[in-house]
Structure formats: C-alpha cells, structure tokens
Amino acid sequence: METNKRILYRVGLDAIILMCVGLPILLFFVWGDPYKRGFFCDDESLMHPFKDSTIKSWMLYVIGLLIPIGVMLLVEILQSRHNERISNGNSTSRRYVFMDYEIPDWMLEAYKKIGIFGFGVLVTQLTTDIAKYSIGRLRPHFFAVCQPIMPDGTTCASFLNQNKYIMDFHCKGVGSTERMLKEARLSFPSGHSSFSFFTMVYLAMYLQSRMTWQGSKLLRHFLQFCFIMVAWYTALSRVSDYKHHWSDVLAGTVIGSLLAIVVANYVSDLFSNKKNCKTYALPQTVQDVTQTT
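Residue 128 is where the sequence shown starts when you use our numbering, and the numbers rise one by one after that.
These are computed hints drawn from the structure, not numbers from a lab. Among the hints, erroneous ones may be present.
To be verified - Beta-carbon label-pair distances, calculated as ranges:
| # | residue 1 | residue 2 | range |
| --- | --- | --- | --- |
| 1 | Val394 | Arg208 | 36 to 42 Å |
| 2 | Asp170 | Ile241 | 42 to 48 Å |
| 3 | Asp179 | Ile241 | 40 to 46 Å |
| 4 | Ser367 | Leu345 | 29 to 35 Å |
| 5 | Gly300 | Val189 | 29 to 35 Å |
To be verified - Once the Cα atoms are required to be at most 20 Å apart in a straight line, the calculated EDC-like pairs of lysine to aspartate or glutamate come out as:
| # | residue 1 | residue 2 |
| --- | --- | --- |
| 6 | Lys183 | Asp279 |
| 7 | Lys163 | Asp396 |
| 8 | Lys291 | Asp396 |
| 9 | Lys291 | Glu171 |
| 10 | Lys309 | Asp256 |
| 11 | Lys291 | Asp179 |
| 12 | Lys239 | Asp368 |
| 13 | Lys183 | Asp295 |
Quick reminder that beta carbons are idealized off the backbone N, C-alpha and C, glycines included.
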C-alpha cells in the first residue's frame with residue numbers, strides 16, 4: 128500500500144517533468160524570434176489573402192484535449208466496473224490510500240493514461256515549435272500581412288525588386304498586429320496538423336487497447352475512423368484557409384502521427400501485455416532439433 132509521502136512524490140515528479148517540457152513552449156510563445164527568411168517578390172505561393180481560421184486555436188484545444196480526456200475517463204470507469212463484476216469485488220491489484228482515502232482503480236488508471244497523453248501533447252508541441260522557429264518559413268498570406276518595404280522605400284511593386292532574393296526588409300503591416308507578423312513567419316510545420324493528429328491517432332490507439340464491447344465490434348472502429356477524420360479535416364482546412372503550404376500540413380501530419388505511435392507503444396502501457404507475451408525460438412540446426420526431442 129502506497130503512503131501519502133510516496134504518492135505525493137510520484138505526482139510531484141510527474142508535474143516537474145511536464146513543466147520541464149512545457150516551459151520551453153511558453154518561452155517560444157512569449158520571446159521566441161523566428162529565423163528571418165527572405166523571399167522573391169514574384170513568389171505566387173506567398174500572395175494569398177489573409178483569412179480567418181476555420182478551426183480556431185480554442186476549438187483545436189477543446190477538441191484535441193477535452194474529447195480524449197473525456198473518453199479516457201469514461202472508458203476507465205466502465206472498465207473498472209467491469210473488472211469488479213468479474214472479480215466479485217475481490218480485487219488483487221495494489222491499493223493506494225491518500226489521507227485515509229482509498230483511491231479507486233479507475234482514478235489511478237485515468238491518471239496514468241491522461242498523464243502520458245499530456246506528456247505526448249507537450250512533446251508534440253515542442254517538436255513543432257523547434258522546427259517552426261528554426262526554419263521560419265513564410266506563410267501563404269505573408270505579403271498580405273507583412274506588406275514588405277525595402278530599405279530604399281520601394282515595395283514589391285517596383286521592377287527593381289523583381290527576380291531578386293530579398294533579405295533586407297521590414298513589414299509595413301497596416302492592419303496587422305505584432306502577433307500576426309510573427310505568425311506569418313511560422314508556417315513549417317503545421318501546428319494544427321501535428322496537434323490534431325497526435326491527439327486523435329493516440330485516442331484511436333487508446334481505444335484499440337482499452338475499449339472492449341461485445342455488442343458490436345464495428346463500434347470501436349467507427350469511433351476510431353471519426354476521430355481520425357476530425358484530424359484530417361483540421362489539417363485540410365489549414366491549406367484552404369491559406370495558413371500553410373501543403374508540405375507544412377504533410378510534415379505536421381507525419382510528426383503528430385509518428386509521435387502518437389511512439390508514445391502509445393513505448394511510453395504508455397497500452398500494449399504492454401502484448402509485448403510481454405512469451406515467445407519461443409525455433410531450433411536453428413539439426414543438432415538443436417535432436418537435443419529438443
């Protein structure tokens with residue numbers, strides 16, 4: 128049985144680890160300065176108009192965080208009740224008591240699953256931010272937001288700036304905020320894509336491991352398909368909204384999906400039972416066959 132001190136130590140250590148991963152994300156957001164990349168004035172990929180996002184940031188976080196956490200809580204509660212019915216209340220699992228309160232099994236499992244999910248979300252965001260600020264790719268609406276002006280006072284409308292790679296410029300930015308000017312240089316990779324694909328792919332893998340229902344085998348796969356389509360639509364909207372180039376979205380999709388697979392298989396215990404299955408080696412030589420018979 129775990130003591131109060133031991134439980135506080137474990138929770139505190141988890142919180143410190145999450146803060147260590149989350150702090151650089153905050154520093155990037157507040158003080159990060161993207162790499163200043165130049166452009167060609169006749170680059171048509173940067174001439175798109177500025178549009179509001181179809182999937183706004185608050186919608187992304189509500190969908191990507193509340194839905195997986197809610198599903199995990201529901202599944203763990205139902206799974207715990209199912210296990211209690213099977214064992215007739217005679218559970219042999221390790222008990223945890225905190226301040227004379229026995230922590231139920233579903234709460235322990237939910238804490239572990241949601242904690243690892245949160246760790247994966249932060250790792251995905253940090254991985255994306257490192258790439259964004261290191262590369263500084265310009266968004267498709269860069270010209271509309273920045274309205275660049277050269278040191279001699281000319282703009283891209285001048286023939287003097289045609290067919291020339293321009294590094295020395297500043298943004299006039301009429302109608303644009305400082306945040307918009309900064310975001311205009313953070314195109315690669317797509318943060319919406321990496322975040323949505325991590326959360327939804329991880330949730331699909333969680334359901335594959337933890338959701339069991341005898342009513343219909345297709346229900347689990349239908350839910351998995353729906354969650355993946357949410358991520359797919361989110362990623363596609365970034366191209367149609369001129370927030371990202373298609374390659375930005377592809378890179379974000381790969382990052383989010385890959386990290387979801389890595390975290391689910393090698394950080395969490397979702398598939399630990401399959402990994403620990405006993406395997407038997409086949410005999411390699413005739414002598415080995417003789418010895419085993």
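Checked hints:
1. Val394 to Arg208: 36 to 42 Å: Given about 27 Å between the Cβ atoms, the range is violated.
2. Asp170 to Ile241: 42 to 48 Å: With a Cβ separation near 44 Å, Asp170 and Ile241 satisfy 42 to 48 Å, so the hint holds.
3. Asp179 to Ile241: 40 to 46 Å: 32 Å, violated
4. Ser367 to Leu345: 29 to 35 Å: Cβ of Ser367 to Cβ of Leu345: about 31 Å, so the range 29 to 35 Å holds.
5. Gly300 to Val189: 29 to 35 Å: Holds: the Cβ-Cβ distance is about 30 Å, inside 29 to 35 Å.
6. Lys183 to Asp279: 38 Å, violated
7. Lys163 to Asp396: Violated - the C-alpha atoms of Asp396 and Lys163 are around 42 Å apart, more than 20 Å.
8. Lys291 to Asp396: 54 Å, violated
9. Lys291 to Glu171: 14 Å, holds
10. Lys309 to Asp256: Holds, because 13 Å separates the two Cα atoms, which is no more than 20 Å.
11. Lys291 to Asp179: 31 Å, violated
12. Lys239 to Asp368: The given pair, whose Cα atoms are some 37 Å apart, is violated under the 20 Å limit.
13. Lys183 to Asp295: It is violated: about 32 Å lies between the C-alpha atoms, which goes past 20 Å.
Of the numbered hints stated above, those contradicted by the structure are hints 1, 3, 6, 7, 8, 11, 12, 13, listed in ascending order.
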